[in-house]
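Asker: The lines below spell out each chain.
Number of protein chains: 2
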Amino acid sequence: MAGKVWFEDLRVGRRCAAGPLRVEREEALEFARRYDPQPYHTDEAAAQDSVFKGLAISGWHTAAYAMRLVVEARPFGATPILGLGVDELRWLLPVRPGDELRLEGEVVELVPSRSKPQGVARVRYTLFNQRSEPVYGMVAIHIVPTRP
Amino acid sequence: MAGKVWFEDLRVGRRCAAGPLRVEREEALEFARRYDPQPYHTDEAAAQDSVFKGLAISGWHTAAYAMRLVVEARPFGATPILGLGVDELRWLLPVRPGDELRLEGEVVELVPSRSKPQGVARVRYTLFNQRSEPVYGMVAIHIVPTRP
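Going down the list, the protein sequences come from chains A and B.
If you're matching positions, the first sequence starts at 1 in my numbering and goes up one per residue.
If you're matching positions, the second sequence starts at 1 in my numbering and goes up one per residue.
Everything labelled a hint here was simulated from the structure, so no lab data went into it.
Some clues are possibly wrong.
As the list makes no split between identical chains, a pair holds if one copy fits it or if it spans any two.
[To be verified] Think about it this way: if two alpha-carbon atoms lie no more than 20 Å apart in a straight line, the pair counts; the simulated SDA-like pairs of lysine to any residue are: (1) 4 with 88; (2) 4 with 134; (3) 53 with 106; (4) 4 with 20; (5) 53 with 145; (6) 53 with 72; (7) 53 with 15; (8) 116 with 20; (9) 116 with 34; (10) 116 with 18; (11) 4 with 47; (12) 53 with 122; (13) 116 with 22; (14) 116 with 50; (15) 4 with 96; (16) 116 with 24.
Quick caveat, the model's predicted, so the values are computed rather than measured.
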């Protein structure tokens, strides 16, 4: 994975993986207080009484951890990772402080540009916890340059 | 907006708004180093040479700021905000340190559950910068309880 990967090098079904990465309690509380200040993310007692039945980290913190693991997984080798957006982002199960997350990715669609030296690669990423339960999924829309 | 809003109270076209919220440079660098450590988010010189032509904050930091503004916009009044996921998440323009972001939201679809005392509300959220340019959009899939 040391060299750059160009759009022509990609194939549907190409896979990547990274992790595990541990969810730290203080980091989760700090993220939630700053970006998602709702009781089931910031207050243990309130979280026990909520649908989450205990402290759950912000779904956007889960998304941030997923990005960290995408960077580590290097889906295009040394080629920078660029995203136009994401479809089908889903929070499947609560993520708890202490959970260990790992990422799997698979290229699901490749569409060359007609006008630019690049293509769009759709990659489905799934995060799993330490019990191998899927907790989060998304289909990222990456721009990948063609060979210069 | 003080009371709870139930699924029956919602109408397609209902709007909410929040902001502005200023993007702080140190916070952007800290977020990128932790969750999205790529040169165009963490290194000013490398960012100048990239497609972003200057430091751009992580797209997932933009998403986190959007969530903060969703919490402030209180789309369902005092009813907690629950999300199953997001469709059509798009990064439209780079967000820079110093930018001032504001959020607009609009209910675009309401689907009652057949089996549970709740419904799904799809809300399209758009973030604008200080020049009123849209920089980010998403359609959030919220669960909203019906009146008890």
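Asker: Are the hints correct? Go through all of them and say.
Answerer: A quick look at each hint next to the structure:
no.: 1; hint: 4 with 88; result: neither (28 Å within a copy, 29 Å between copies)
no.: 2; hint: 4 with 134; result: neither (30 Å within a copy, 32 Å between copies)
no.: 3; hint: 53 with 106; result: neither (32 Å within a copy, 30 Å between copies)
no.: 4; hint: 4 with 20; result: neither (24 Å within a copy, 40 Å between copies)
no.: 5; hint: 53 with 145; result: between (45 Å within a copy, 17 Å between copies)
no.: 6; hint: 53 with 72; result: neither (32 Å within a copy, 24 Å between copies)
no.: 7; hint: 53 with 15; result: neither (35 Å within a copy, 31 Å between copies)
no.: 8; hint: 116 with 20; result: neither (37 Å within a copy, 36 Å between copies)
no.: 9; hint: 116 with 34; result: neither (39 Å within a copy, 32 Å between copies)
no.: 10; hint: 116 with 18; result: neither (31 Å within a copy, 37 Å between copies)
no.: 11; hint: 4 with 47; result: between (45 Å within a copy, 19 Å between copies)
no.: 12; hint: 53 with 122; result: neither (35 Å within a copy, 25 Å between copies)
no.: 13; hint: 116 with 22; result: neither (40 Å within a copy, 34 Å between copies)
no.: 14; hint: 116 with 50; result: between (49 Å within a copy, 16 Å between copies)
no.: 15; hint: 4 with 96; result: neither (36 Å within a copy, 27 Å between copies)
no.: 16; hint: 116 with 24; result: neither (42 Å within a copy, 34 Å between copies)
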